[in-house]
Amino acid sequence: MSGLLDYVPGNTFLHRLHPLSKLIFSFGLCLACFLTQNHWLVLGVIVCSLLQAALAGMLKPALAVLRALSKLSLLLFLAQVFFVRQGQIVLSLPLDIYITDQGLSFSCLFVLRLIAVTLPLFIMLSITRMSDLTNALTRLGLPYKYAFALTTAMRFIPLFGKEMSEIMEAQTARGVEFDSKNFCKKLKLILPLCLPLLLSSVRRIENSAIAAELRGFNVRKKDSGYKRYVLGRGDAAVLGALVLILAAVGLEHFYG
Amino acid sequence: MLRLAEVSFGLEGERIISKISFTLGQGEFAALLGENGAGKSTLCRLSMGLLKPAAGRVLVCGQDTAAVKTSAIARQAGFLFQNPDRQICRPSVAGEIMLGLELTVPDPAERERRCRETLALFSLDPEAHPFNLSRGERQLLALASVLAPGPRLLILDEPTTGLDYRECMTVMEIIARRNREGATVLMVSHDMEVASDFARRVLVLNRGELAGDGPVREIMRDQALLQRASLLPPQIPALALSLGGQFAAAFTIEEMAALAANSRRGRL
Numbered sequence: 054m055s056g057l058l059d060y061v062p063g064n065t066f067l068h069r070l071h072p073l074s075k076l077i078f079s080f081g082l083c084l085a086c087f088l089t090q091n092h093w094l095v096l097g098v099i100v101c102s103l104l105q106a107a108l109a110g111m112l113k114p115a116l117a118v119l120r121a122l123s124k125l126s127l128l129l130f131l132a133q134v135f136f137v138r139q140g141q142i143v144l145s146l147p148l149d150i151y152i153t154d155q156g157l158s159f160s161c162l163f164v165l166r167l168i169a170v171t172l173p174l175f176i177m178l179s180i181t182r183m184s185d186l187t188n189a190l191t192r193l194g195l196p197y198k199y200a201f202a203l204t205t206a207m208r209f210i211p212l213f214g215k216e217m218s219e220i221m222e223a224q225t226a227r228g229v230e231f232d233s234k235n236f237c238k239k240l241k242l243i244l245p246l247c248l249p250l251l252l253s254s255v256r257r258i259e260n261s262a263i264a265a266e267l268r269g270f271n272v273r274k275k276d277s278g279y280k281r282y283v284l285g286r287g288d289a290a291v292l293g294a295l296v297l298i299l300a301a302v303g304l305e306h307f308y309g
Numbered sequence: 100m101l102r103l104a105e106v107s108f109g110l111e112g113e114r115i116i117s118k119i120s121f122t123l124g125q126g127e128f129a130a131l132l133g134e135n136g137a138g139k140s141t142l143c144r145l146s147m148g149l150l151k152p153a154a155g156r157v158l159v160c161g162q163d164t165a166a167v168k169t170s171a172i173a174r175q176a177g178f179l180f181q182n183p184d185r186q187i188c189r190p191s192v193a194g195e196i197m198l199g200l201e202l203t204v205p206d207p208a209e210r211e212r213r214c215r216e217t218l219a220l221f222s223l224d225p226e227a228h229p230f231n232l233s234r235g236e237r238q239l240l241a242l243a244s245v246l247a248p249g250p251r252l253l254i255l256d257e258p259t260t261g262l263d264y265r266e267c268m269t270v271m272e273i274i275a276r277r278n279r280e281g282a283t284v285l286m287v288s289h290d291m292e293v294a295s296d297f298a299r300r301v302l303v304l305n306r307g308e309l310a311g312d313g314p315v316r317e318i319m320r321d322q323a324l325l326q327r328a329s330l331l332p333p334q335i336p337a338l339a340l341s342l343g344g345q346f347a348a349a350f351t352i353e354e355m356a357a358l359a360a361n362s363r364r365g366r367l
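Residue numbers (my numbering), protein chains in the order written: chain A, 54 to 309; chain B, 100 to 367.
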């Protein structure tokens with residue numbers, strides 16, 4: 054069973070792209086979301102990401118992430134919408150609480166951006182091997198140690214998630230009520246588990262570091278990787294699409 | 100104490116457990132054997148209510164695991180994981196043992212008494228930090244904290260993994276003693292010697308199906324069944340079967356020694 058940020062094997066057009074193209078495309082989409090103030094453009098980025106997920110054969114996990122993000126977005130929307138006091142009041146509630154048109158617009162843009170930024174990164178990490186990503190970052194000029202640290206940190210996120218759920222399972226088996234539906238109670242119970250998670254994480258990282266040292270981590274040079282990545286027509290198409298998206302955002306920014 | 104009726108379970112369309120039925124009565128000691136990936140740990144998790152069956156029913160002390168919370172089942176059953184570090188979450192050995200007691204024993208004085216008893220039984224230092232202990236000591240601590248509340252059913256997922264012979268025997272003697280006191284034990288093990296020495300009943304899993312269920316002496320001699328499940332018989336039954344004749348019935352070293360002595364006397 055693959056976790057949230059695990060590589061999903063495949064041989065689709067998107068899987069075969071140069072890792073740098075995937076990286077640039079996903080960060081380009083994120084940039085577009087932050088440059089624009091237009092809700093429709095941000096929504097367009099979300100649709101583009103879903104299309105990308107469908108092409109990579111991972112629409113189902115992408116929709117699952119979208120569902121999870123939608124729940125979080127609803128909470129964030131509610132937390133935001135009552136705090137913006139500028140603009141025309143569209144809904145008045147008791148105790149001087151009201152919702153304005155600007156509040157609605159700002160909160161919508163906020164949650165749309167959250168979704169639009171998360172989806173491309175999730176898809177990029179799911180269709181790119183961490184080793185390819187490390188090599189790509191090294192080719193960009195980032196020292197191998199830093200590239201390795203960055204990708205290792207990302208690789209550890211799902212591992213820690215899995216570890217945490219296993220610790221919670223073990224505590225449930227001891228009678229701790231992690232199967233309670235009360236969120237606050239659950240949160241209170243989770244805090245003491247940070248200790249075993251932290252200790253097991255430190256132990257795991259230490260073991261990984263020793264293993265890397267033993268495999269000649271420090272003698273690695275820029276050209277030590279045997280893989281060669283070639284930019285193809287697919288990469289040109291993807292990067293061209295990104296340029297068009299960024300151009301649309303630029304036009305909207307200056308003339309919209 | 101534990102009843103599985105036609106239990107099936109799968110993940111992502113893959114069937115892991117297929118229509119398994121068995122009942123463990125009070126005071127039984129059963130070993131669950133099978134190769135890696137046979138579904139032993141999944142079956143243990145189903146038996147504890149950590150996983151809910153896709154079909155069939157799992158009853159722990161009469162409670163249907165699909166209908167009650169796992170934390171409620173934990174009042175009756177104790178579960179020992181393969182990796183003790185998942186279970187340990189308090190900064191002292193005594194605190195770790197108290198965690199299970201706090202959840203199950205309402206009387207503070209009784210909790211204190213049980214904690215002291217458990218510490219003495221396992222010869223553990225109450226003030227030690229659990230993560231400063233060796234792997235074997237952490238395994239002992241995890242077992243101690245599972246046993247302290249006095250569960251009626253013990254589900255042990257490879258309790259002797261990573262332990263040396265002395266630690267292994269300490270752990271198994273404590274489990275056997277608790278079993279003699281009336282607790283039901285379901286133990287996953289890859290160690291056929293441990294299983295044949297301590298269990299009285301053996302369940303053999305093969306690719307998610309219950310391939311064999313019977314008394315330990317019967318199952319450990321069933322070479323065809325063990326071969327099907329990619330298991331090797333313990334050394335003495337294997338030797339007895341290969342020698343055949345009057346030695347074929349031997350199951351323990353003592354039995355084999357007695358038969359050998361009889362044979363020598365007969366020749367003299």
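Think of the hints as simulated: they come from the structure by calculation, not from any bench.
Backbone N, C-alpha and C define an ideal beta-carbon position, used for all residues, glycine too.
Incorrect hints may appear among the rest.
Said to hold, decoys possible - Once the Cα atoms are required to be at most 30 Å apart in a straight line, the calculated DSSO-like pairs of lysine-lysine come out as: (1) A/LYS215 <-> B/LYS151; (2) A/LYS124 <-> B/LYS118; (3) B/LYS118 <-> A/LYS241.
As the list claims (entries may be wrong) - Every beta carbon over 10 Å from chain A, so not counted as near; a handful from chain B, in silico: (4) ALA173; (5) MET268; (6) ARG300; (7) GLY313; (8) SER341.
Structure-based check of all given hints:
Distance check on the hinted pair: A/LYS215 and B/LYS151 sit about 19 Å apart at the alpha-carbon level, within 30 Å; holds. At most 30 Å may separate the alpha-carbon atoms for a hinted pair to count; A/LYS124 and B/LYS118 exceed this at roughly 37 Å. Our distance criterion of 30 Å between C-alpha atoms is broken by B/LYS118 and A/LYS241, whose separation comes to about 39 Å. Against the 10 Å criterion, B/ALA173 falls within the reach of chain A, whose nearest CB is about 4 Å from its own CB.
For B/MET268, the non-interface assignment is confirmed: its Cβ lies about 25 Å from the closest Cβ of chain A, beyond the 10 Å cut-off. Listed as a non-interface residue, B/ARG300 keeps its Cβ farther than 10 Å from every Cβ of chain A; the least gap is roughly 23 Å. The claim that B/GLY313 lies off the interface holds: its Cβ sits roughly 28 Å from the closest Cβ of chain A, which is beyond the 10 Å cut-off. At roughly 42 Å from the closest C-beta of chain A, the C-beta of B/SER341 stays outside 10 Å, upholding its exclusion from the interface.
Hints 2, 3 and 4 from the earlier list are contradicted by this structure; the remaining hints agree with it.
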